[in-house]
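Asks: The primary structure of each chain is shown beneath.
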Amino acid sequence: MNIAFYIAAAISIFSTVMVITRFNIMHALLYLIVSLLSVAVIFYLYGAPFMAALEVIIYAGAIMVLIIFFVMMLNLGPETTRNEKQWLKPGMWMLPALLCLILLIELAYLIAQNKAPATGITPVAPKEVGRSLFGPYILAVELSAMLLMAGIVGAYHLGRQKKKILHRFFESNAS
Amino acid sequence: MSTGQYWLVIGGVLFVILNTAAGLIWLERRALALWQDRYGPNRAGPFGLFIVLADTIKLFFKEDWIPPFADKIVFVFAPAVVVASVLMSFTIIPFAPNVMVADLNIGLLFFLAMSSMGVYSIVLGGWASNNKYALLGAMRGASQMISYEVFMGLSLMGVVVLSGTFNLREIVEAQRGGWYILPQLIGFFIFLVAGIAETHRLPFDIPEAESELVAGFHSEYSGMKFGMFFIGEYMGITLISSMVVTLYFGGWLGPAFLPPVIWFVLKTFVFIMLFILLRASMPRPRYDQLMEYGWKILFPLSLLNLMVTAAIKLLL
Amino acid sequence: MFSLLRSMWLVFLHMFHKRETYQYPEHKAPIPARWRGRIALTRDPDGGERCVGCYLCAAACPVDCISLQATEAEDGRRYPLFFRINFSRCIFCGFCEEACPTYAIQLLPDFEMAEYNRQNLVYEKEDLLINSQGKYPGYNYYRVAGMSIQGKDKGEAEHEEPPVDIKSLLP
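Protein chains in written order, with the working numbering: chain A, 1 to 175; chain B, 176 to 491; chain C, 492 to 662.
It should be emphasised that the hints constitute simulated quantities derived from the structure, not laboratory data.
Some clues are possibly wrong.
Some, not all, of what chain B presents toward chain C, calculated at C-beta under 7 Å [what the hints assert, rightly or not]:
1. W210
2. Y214
3. R218
4. A384
5. E387
6. V445
7. M448
8. S456
Where is the CB? At the ideal position from N, CA and C, for every residue including glycine.
All chains should be built: construct the whole structure from the sequences, respecting the hints.
Replies: Below, the structure is given as structure tokens:
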């Protein structure tokens, strides 16, 4: 269990670093997928199989595919990679990296402070997830449902095509 | 199950699946020929069975060419994804009461996750080839598989509602009283259509569409890399057939005069033949027709199916 | 929806139909008599070569696969010194057969001429000449043509009147 966790954690850290440092955006996205998958493995190891499956299905399987889909259509060649190399100078990433480092140190300090041993792993079955979603957290579910509804209505509005009344021949003459 | 038996099961499943995929090449060509009034391969060996061997040898010895304009790493990586994801899905299929690789309690979700991973092989293969036909095929494949995945998952939820579990072994056990094909006829139909689209088989082989896109996403592939896509497709057929059998046709259940594994294989075989028959008889729909069919008919239908199933389950 | 099921059923029923395939090497498909296959040079009923080396076939050939050199025998008959057809180029269009004034060059219903070596597809005259009259039995060019050869002077051909004596004033 522990070994599996450390392997998955190492892979996820390594791939996340690779996501940041790759100049080719497609390779960066591939590493991001690997990172998501390794996080899913960690979820599975620590008793949340449902969460792990959703991580793979939704993040790695749907959202990343859509992102790759759009990147694919942008037709980014070696030229953009060169641009990226030019833009990504040390001066650009020094400050954010420094801030992140401070946060990391803080986090490490907080974790070190908390000496209480982690409680045993309790696997959460899909059924329990459903129960709690539609029990105590029903409000959150309803709120996200409303948000999604708004999204769908907006997408429909944007995607709707105006019905053509005039033939295209008359269109150019009318204006 | 002891560790030895466990490894035996893994090895056996791997052996059977890979050989079935290879054998399907022969079977499909013979069956297609049968339905087109031809003989098909009948020269090499008895009934032309050695064509599988000849094909494999040919694929291995063909020049394995990587186009100079391709993205080499991704190009090599893409065919491995399809085979890996399909093989991973086979781990959760219960072939017989005790013959399954992993008895996951999120089995069904695992299957959906792995089938959504399969999209990457098409997308990455098409993108890395750096070829406009391949890219078009990849784009079609990605949009087709994402949209069909949505209601593939939803159609399965009817079964989950009825059996109350994601575990495939328990789903099969729950069908002792009666197969789910009867209460879930619509779900079965939607799952079958989505499964065909998911394996991008004819009539939904729009990412390949050899009459419009050369060979679609694997235009630039040759040798064993193409072979991986090829084998992946046939394993996909086997996977969808065995999933249909597990979820709707009672898996290994059957009269006792045959062992459970035989029942499972027989039922799966029927659906594999159905896949081939579909290929022999259906024309390929246009790309926008496919999407419209998916989103405007099958998606509402699967939601309705789920709703009605849940309501009936609640009332009874 | 019903039509889909119906077409599937109909295709399924084809399982019980007769196969259309000819199992080729064992069972050969019937070839029509005018099938345009291997090109051959035919002979007279007397056994002489029909070809008179007029180059019309070489001129008609759209892919320029025929090459020949005409020469004349002692008896006055023209014949090709060499006659070469490159079958790796030939498209079996049959234009040479149409162009030939003496029915010498003919396309036969034979297509089994595959070779492992490309050079073997270049047929020389001895490969092309067959001991047969081909599609026009009984036809002998020199017997119907007005050309004089040894043993047949002008006016001695079939349906030919004796030559007009142009130096005489009589009609």
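Asks: It remains to establish, for every hint, whether it holds in the given structure.
Replies: Results for each hint:
| no. | hint | verdict |
| --- | --- | --- |
| 1 | W210 | 5 Å, holds |
| 2 | Y214 | 5 Å, holds |
| 3 | R218 | 9 Å, violated |
| 4 | A384 | 19 Å, violated |
| 5 | E387 | 22 Å, violated |
| 6 | V445 | 13 Å, violated |
| 7 | M448 | 10 Å, violated |
| 8 | S456 | 4 Å, holds |
In the structure shown, a violation is registered for the earlier hints numbered 3, 4, 5, 6 and 7, in ascending order.
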